[in-house]
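A.B. asks: These are the residues of each chain, in order.
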Amino acid sequence: MLLNLTDLSSESLQSQIVRQVREKILSGELAAETSLPSIRELARDQHVSVITVQRAYEALLREGLIHSRRGKGFFVSDLKDNEKIGMAKERLRENIAPLVISASNEGLSKKDILETIDLILKKNGRKN
Amino acid sequence: MTKAFEFNSVVKSYSEFTLGPLNFSLEPGTVLGYIGPNGSGKSTTMHCLVGLIKTDGGEMRVFGRTTDPNRPEWKLDIGYVGDEHVFYEGWSGERNLKFLSQFYPNWSDQRVIELAKRFNLPLNKKAKELSGGNRVKLSLVAALAHSPKLLLLDEPTSGLDPVVRAEVLDVLFEVLEDGERAIFYSTHILSDISRLADELAFLDNGQIKLRAAKEDLIEHWRKIAFMHAGNNFKLEATASHKQEGADHQVVSFDHEATLRQLGELGAQNVQAYRMSIDEIAVQILKGVGHVENS
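Here the protein sequences come in this chain order: A and B. If you read the first sequence in this note's numbering, its first letter stands for residue 1413, the second for the next number, and so on. If you read the second sequence in this note's numbering, its first letter stands for residue 3, the second for the next number, and so on.
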């Protein structure tokens, strides 16, 4: 599992791991029942401490994105598409809320904001 | 579970300086960073644990065995890179290692060859002809060649170039993977250890001021900026407080408590910023009126 972790982000290493694994799961890059690297393997590969990975996996367990089987390790949960969409939407809402509020404070209308989102999607080649 | 090491009320006194009483331990599979300024007692702590100096009180154990000088089996579990690198100066690195190998049943010559290659260490040169960096590397090879269960590393990367430093950290991450080995790593430079360590203990003038899980420190500490017209109010859980007019800047070691209080006080424009582990360490060592031991 390839992750891109950096010390230069305002986001902690733990949250970077959570966010990147979550993305891989919600996008389907990691399919249901795929086994994740063990905590110690990932710590070694990514050069982070065991406790950092452990806390990141705990957060993913709480979100229901992964599950553990005794003695076997961690696996991607089998999520229905609508569950995945629901989680991704919730995540988007959390991330976008401060930006939308500050854009609105800076005088943008709902139409302006929606147009901007549309533009971003087009630029990245996403149609719908 | 048996601790990798335990200090129970260990004291070492000098005329001008006392270390301890130290009470702390380390679980197998974990890395404890031992952080403190020069002269705070980091090396002395290590010297006590490896039996280089006699303590004035207390007891230490390594994987359950007391550090009895008459029954030195506990030393077999330790790999130690000290603040001084002691070799037979007229001998080659290889001969020094060969000499050490006789004391360790688990010694692996293959591991020596592998590590020397990875660290780019010439084994045929005499110890006295080795550069400072190469002496550190030779110590590291000697400490790792018997695959010890406890690594005691006293500023192990000082004097190493960045490439070798990275290689040393690679080796340490590999060593940890089986979950049975523990690393006690002292440094005054946090960047080396900030990713490796599970826990940090902060030593100041012979006393451990704080010990905490690294992730808890990262979770709880914040720099908080806010506006408030009031003067002289005391905020909870803060390590420092600066004010210019109505602008305030505080460092909080429990941002939830501080933010709650700021809400009650009606502070405006409250912004909380994460802190790097280096920034947190500086705040802790500058002196916080707050001590928690785990």
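Hints are computed from structural coordinates only; laboratory data are not their basis. Don't take every hint at face value.
If you want a taste of the chain A side facing chain B, the calculated C-beta under 7 Å gives, among others [said to hold, decoys possible]:
#	residue
1	Met1413
2	Leu1414
3	Thr1418
4	Ser1421
5	Gln1428
6	Arg1431
7	Arg1434
8	Arg1452
9	Ser1461
10	Ile1463
The calculated DMTMM-like cross-link candidates involving lysine to aspartate or glutamate, where the alpha carbons are at most 25 Å apart (straight line), are [claimed, not checked]:
#	chain 1	residue 1	chain 2	residue 2
11	B	Lys288	A	Asp1457
12	B	Lys119	A	Glu1423
13	B	Lys151	A	Asp1457
14	A	Lys1484	B	Asp58
15	A	Lys1484	B	Glu131
16	B	Lys5	A	Glu1506
17	A	Lys1484	B	Glu238
18	A	Lys1484	B	Glu182
19	B	Lys119	A	Glu1441
20	A	Lys1436	B	Glu29
21	A	Lys1492	A	Glu1441
22	A	Lys1484	B	Glu246
23	B	Lys225	A	Asp1457
24	B	Lys151	A	Glu1453
25	B	Lys225	A	Glu1423
26	B	Lys225	A	Asp1419
Since the structure is predicted, the reported quantities are computational estimates derived from the model, not experimental observations. For every residue, glycine included, the Cβ atom is placed at its ideal position computed from N, Cα and C.
A.B. asks: Now, for every hint given, state plainly whether the structure supports it.
C.D. replies: Against the structure, the hints:
1. Met1413: With Cβ-Cβ at 16 Å, over 7 Å, it is violated.
2. Leu1414: Hint on Leu1414(A): violated, closest Cβ of chain B at ~17 Å, above 7 Å.
3. Thr1418: violated, 11 Å
4. Ser1421: violated, 9 Å
5. Gln1428: violated, 12 Å
6. Arg1431: The hint is violated - Arg1431(A) has no Cβ within 7 Å of chain B, the shortest such distance being about 15 Å.
7. Arg1434: violated, 18 Å
8. Arg1452: Holds. Min distance 5 Å.
9. Ser1461: With a closest approach of 5 Å, the Ser1461(A) hint holds.
10. Ile1463: holds, 4 Å
11. Lys288(B) to Asp1457(A): violated, 34 Å
12. Lys119(B) to Glu1423(A): Roughly 37 Å separates the two Cα atoms, so the pair is violated.
13. Lys151(B) to Asp1457(A): holds, 21 Å
14. Lys1484(A) to Asp58(B): Violated - the C-alpha atoms of Asp58(B) and Lys1484(A) are around 48 Å apart, more than 25 Å.
15. Lys1484(A) to Glu131(B): violated, 51 Å
16. Lys5(B) to Glu1506(A): violated, 42 Å
17. Lys1484(A) to Glu238(B): violated, 45 Å
18. Lys1484(A) to Glu182(B): holds, 18 Å
19. Lys119(B) to Glu1441(A): Since the Cα atoms of Lys119(B) and Glu1441(A) sit roughly 38 Å apart, the hinted pair is violated (cutoff 25 Å).
20. Lys1436(A) to Glu29(B): Status violated; Cα separation ~33 Å.
21. Lys1492(A) to Glu1441(A): holds, 15 Å
22. Lys1484(A) to Glu246(B): violated, 57 Å
23. Lys225(B) to Asp1457(A): violated, 31 Å
24. Lys151(B) to Glu1453(A): Answer holds: Lys151(B) to Glu1453(A) is near 18 Å, not above 25 Å.
25. Lys225(B) to Glu1423(A): At roughly 14 Å apart (the allowed maximum being 25 Å), Glu1423(A) and Lys225(B) satisfy the hint.
26. Lys225(B) to Asp1419(A): Given pair Lys225(B), Asp1419(A) holds - Cα atoms ~18 Å apart, limit 25 Å.
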